[in-house]
Amino acid sequence: MDVLKIATAGSVDDGKSTLIGRLLYDTKSLTSDKLEAIEKKSKQLGYDYLDFSLATDGLVAEREQGITIDVAHIYFSTANKSYIIADTPGHVEYTRNMVTGASTSQAAIVLIDARKGVIEQTNRHFFINNLLRIKTVIVAINKMDLVDFSEEKYNQIKSDFEALMSKRDYQDQNITFIPVSALKGDNVVNKSENTPWYTGKTLLDYLENTDQKDVYNTGTPRFPVQYVIRPKTEEFHDFRGYAGKVYGGELSVGDSVFVLPSQTKSKIKDIHFYDKKVQTASRRSSVLITLEDDVNISRGDMIVKENDLPTIDKQFTATISWMDSENLTTGKKYVVQHGVNKVLAKVSTIHHKINPDYSGVDETAETLKMNDIAKVSFKLNKPIFYDAFKTHRTNGSFILIDSQSNHTVGAGFIQ
Amino acid sequence: MTDTDTSKINPLENEAIYIFREVAAQFEKPVLLFSGGKDSITLVRLAQKAFYPAKIPFPLMHIDTGHNFPETIEFRDRLVKELGLELIVRNVQDSIDEGKVKEESGRYASRNQLQTTTLLDAIEEFKFDACIGGARRDEEKARAKERIFSVRDDFGQWDEKNQRPELFDMLNGQIELGQNVRVFPISNWTELDVWSYIQKEQIEIPSIYFAHTRATFLRDGLIWSADDDVVYRDENEEVEERVVRFRTVGDMSCTAAVLSDASDISSVVQEIRDSSISERGARIDDKRSEAAMEKRKQQGYF
Ligand SMILES: Nc1nc2c(ncn2[C@@H]2O[C@H](COP(=O)(O)OP(=O)(O)OP(=O)(O)O)[C@@H](O)[C@H]2O)c(=O)[nH]1
Ligand SMILES: [Mg+2]
Chain A
-6 MDVLKIATAG
4 SVDDGKSTLI
14 GRLLYDTKSL
24 TSDKLEAIEK
34 KSKQLGYDYL
44 DFSLATDGLV
54 AEREQGITID
64 VAHIYFSTAN
74 KSYIIADTPG
84 HVEYTRNMVT
94 GASTSQAAIV
104 LIDARKGVIE
114 QTNRHFFINN
124 LLRIKTVIVA
134 INKMDLVDFS
144 EEKYNQIKSD
154 FEALMSKRDY
164 QDQNITFIPV
174 SALKGDNVVN
184 KSENTPWYTG
194 KTLLDYLENT
204 DQKDVYNTGT
214 PRFPVQYVIR
224 PKTEEFHDFR
234 GYAGKVYGGE
244 LSVGDSVFVL
254 PSQTKSKIKD
264 IHFYDKKVQT
274 ASRRSSVLIT
284 LEDDVNISRG
294 DMIVKENDLP
304 TIDKQFTATI
314 SWMDSENLTT
324 GKKYVVQHGV
334 NKVLAKVSTI
344 HHKINPDYSG
354 VDETAETLKM
364 NDIAKVSFKL
374 NKPIFYDAFK
384 THRTNGSFIL
394 IDSQSNHTVG
404 AGFIQ
Chain B
43 MTDTDTSKIN
53 PLENEAIYIF
63 REVAAQFEKP
73 VLLFSGGKDS
83 ITLVRLAQKA
93 FYPAKIPFPL
103 MHIDTGHNFP
113 ETIEFRDRLV
123 KELGLELIVR
133 NVQDSIDEGK
143 VKEESGRYAS
153 RNQLQTTTLL
163 DAIEEFKFDA
173 CIGGARRDEE
183 KARAKERIFS
193 VRDDFGQWDE
203 KNQRPELFDM
213 LNGQIELGQN
223 VRVFPISNWT
233 ELDVWSYIQK
243 EQIEIPSIYF
253 AHTRATFLRD
263 GLIWSADDDV
273 VYRDENEEVE
283 ERVVRFRTVG
293 DMSCTAAVLS
303 DASDISSVVQ
313 EIRDSSISER
323 GARIDDKRSE
333 AAMEKRKQQG
343 YF
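The listed protein sequences derive, respectively, from chains A and B.
Mapping the first sequence onto the numbering used here, position 201 (from 1) lands on 194, and the numbers just tick up by one.
Mapping the second sequence onto the numbering used here, position 180 (from 1) lands on 222, and the numbers just tick up by one.
Please note that a few of the clues may not be correct.
[To be verified] In silico lysine-lysine, BS3-like type, Cα no more than 25 Å apart, as pairs: (1) B:142 <-> A:269; (2) A:339 <-> A:307; (3) A:270 <-> B:97; (4) B:50 <-> A:-2.
[Unchecked claim] Ranges of calculated distance between the beta carbons of each label pair, as one might list FRET restraints: (5) B:306 <-> A:145: 52 to 60 Å; (6) A:206 <-> B:271: 54 to 62 Å; (7) B:308 <-> A:362: 50 to 58 Å; (8) A:204 <-> B:279: 15 to 23 Å; (9) B:136 <-> A:383: 51 to 59 Å; (10) A:204 <-> B:197: 45 to 53 Å; (11) A:383 <-> B:196: 39 to 47 Å; (12) A:206 <-> B:197: 44 to 52 Å; (13) A:204 <-> B:168: 43 to 51 Å; (14) B:195 <-> A:375: 42 to 50 Å; (15) B:168 <-> A:228: 28 to 36 Å.
It is worth saying that the hints were derived from the structure and are not from the lab.
Cβ atoms here follow ideal geometry from the backbone N, Cα and C, with glycine treated the same way.
Using the sequences plus the hints, can you model the full thing?
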């Protein structure tokens, strides 16, 4: 069955958690005990409606403050698809969590409060979804019940948003607009009678009809070696297999390949998936590959098609999203984890900070604070094999690790 | 061999295999925490797939509360033998005897909480740096916040407000000496995903997951196994034979049964599909308070 991963975005209180709760409720995915708990708690808080955000705000602090702090993953399924929704926090302070939620998603729902329209945070979240090249974006104009389901309001917000779209870098994004009330359920799962002027699909209907090709950008096949398998048993005496996941495209038995960094040429001998042999390993499958020749390969090496080499270099420039309370400065050293490969990196230049509300760049920036987005160049102690993020989402992204705290302190998208 | 390619892949299975391989590559002493329940049995199958034709490169460990269903223990021992795996068992009873923890008493007495001490001691004893578990985010809303690689400090504690971001599928397993990482390869699976997988892969599971006749009694609207040595029972709580099965297998003292005549895997899968109550609805340990799970996790519980 298809799995669709979706991230939500939108400012504080725009109704992200409520929308997800509503999706669960209207698809009958909330079990009776969970529903009872929500009813009880809503009553206890003195509400005359069901507060569906209680279904997803799992931490005590979140329920106390009525806001989402950390990403929660919520699951539901219909007859034809499984959905994983990342409920991300809307607060500016937690922008990094939003980047995180969006990084694992193939589609995004950007919420806008119909009373407030397009605000700074909308710009920022749309910018991030665009930066991360999320292919399908649904703009849910929420709280329509509070603006009398006004078509005029809806059209105004839509055209404000379209103005934003013209500024985006990644144009190949499918964007659609839906007027909803997360609280009351209009156009979430069930078509609303309050918006006769809206002829489009409900949110769920739209999601149900998105296809794999609507959410995945295709690239060229890359096979980073995760782990070398040598059973050393009698049956598999000389067996030497390379375990990993295929990204971007597919690999088949007989393909002529290059092994990086040694640039040794070989051919794919067999592809195993557990105890079966297959002819072709498709994108995103975790397989085991053997080669015709005896090549010395270890974790972090990469198998690619012969005429399809990535860039092999000891430096790169990237857009990064900084996530740590300690600032990033020029000259500082970090560990770059690029897929399963780790190298040491030094910040060589901070070119500029990018204002994520499309208001331009700040060329004077010398350090980066938490939640900043910037264009930065790095020097590495060893070459890595990368593609531009634009052409390869997996092989063009990396994380930064602080070697003192071991924390993941940033995410980057290579140019 | 019938498949010519992997295009009909199960994305969840492939993700789990990827995670297992990351654990083997990034850590020196991983261990798979094995409870004998369906989730940990599923983990074992996924680990086999991740490393085949080599053996699973780490041991299994069971923290035995002494209150397990005997069927689970028999099953555990058989599985380990058949697959030629290494099994470590550490007993909560020993922690009690050594005076490290105190047995609860009364109506809701359970050894579920006590497991934490035994687990943390075992992690220290063997210097495990990664503990693989079968927790899923859909089980409970505090678990929905959990990372796939979740760092625990020297005291085994979970700092829920300071979790490492997990981007794309890059897993950062860098830790300091004394810390360890809890790893959840089936984080993104739902209960139905697990059952469907068990069905498709024809994985054997303990008999208590299927309908059987059992001496039981009712309390708080839930059905309890009448094993007086382990589960506290008032005199007025009458024992009756019922046809039941278990949806989740924890301790006898904290796992309730459900009325069911689902006697094979396909009827179990059907029952889960139709069911309107969540799996954790039958876990008394979560009902203690709304934030029960979050609190236990902070203290180092799985
Ligand atoms: N009237 C009305 N109220 C809504 C609607 N959607 C959400 N709300 C209310 O708006 C408030 C905030 O909703 P949440 O779902 O917690 O907002 P959020 O976007 O998840 O907020 P953060 O996670 O903190 O960023 C709650 O009181 C909701 O009941 C809607 O469609 N109509
Ligand atoms: Mg929220």
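For each hint, the structure was consulted:
1. B:142 <-> A:269: 49 Å, violated
2. A:339 <-> A:307: Roughly 11 Å between the alpha carbons, so the hint for residue 339 (chain A) and residue 307 (chain A) holds.
3. A:270 <-> B:97: Roughly 18 Å between the alpha carbons, so the hint for residue 270 (chain A) and residue 97 (chain B) holds.
4. B:50 <-> A:-2: 18 Å, holds
5. B:306 <-> A:145: 52 to 60 Å: Distance hint for residue 306 (chain B), residue 145 (chain A) holds at roughly 59 Å.
6. A:206 <-> B:271: 54 to 62 Å: 59 Å, holds
7. B:308 <-> A:362: 50 to 58 Å: 56 Å, holds
8. A:204 <-> B:279: 15 to 23 Å: 55 Å, violated
9. B:136 <-> A:383: 51 to 59 Å: Check passed, 58 Å falls within 51 to 59 Å.
10. A:204 <-> B:197: 45 to 53 Å: For residue 204 (chain A) and residue 197 (chain B) the Cβ distance comes to about 48 Å; the hint holds.
11. A:383 <-> B:196: 39 to 47 Å: Taking Cβ atoms as reference, residue 383 (chain A) and residue 196 (chain B) lie about 43 Å apart, which means the hint holds.
12. A:206 <-> B:197: 44 to 52 Å: With Cβ atoms ~49 Å apart, the hint holds.
13. A:204 <-> B:168: 43 to 51 Å: Once the Cβ atoms are compared, 48 Å apart, the range 43 to 51 Å for residue 168 (chain B) and residue 204 (chain A) holds.
14. B:195 <-> A:375: 42 to 50 Å: 32 Å, violated
15. B:168 <-> A:228: 28 to 36 Å: About 30 Å separates the Cβ atoms of residue 168 (chain B) and residue 228 (chain A), which means 28 to 36 Å holds.
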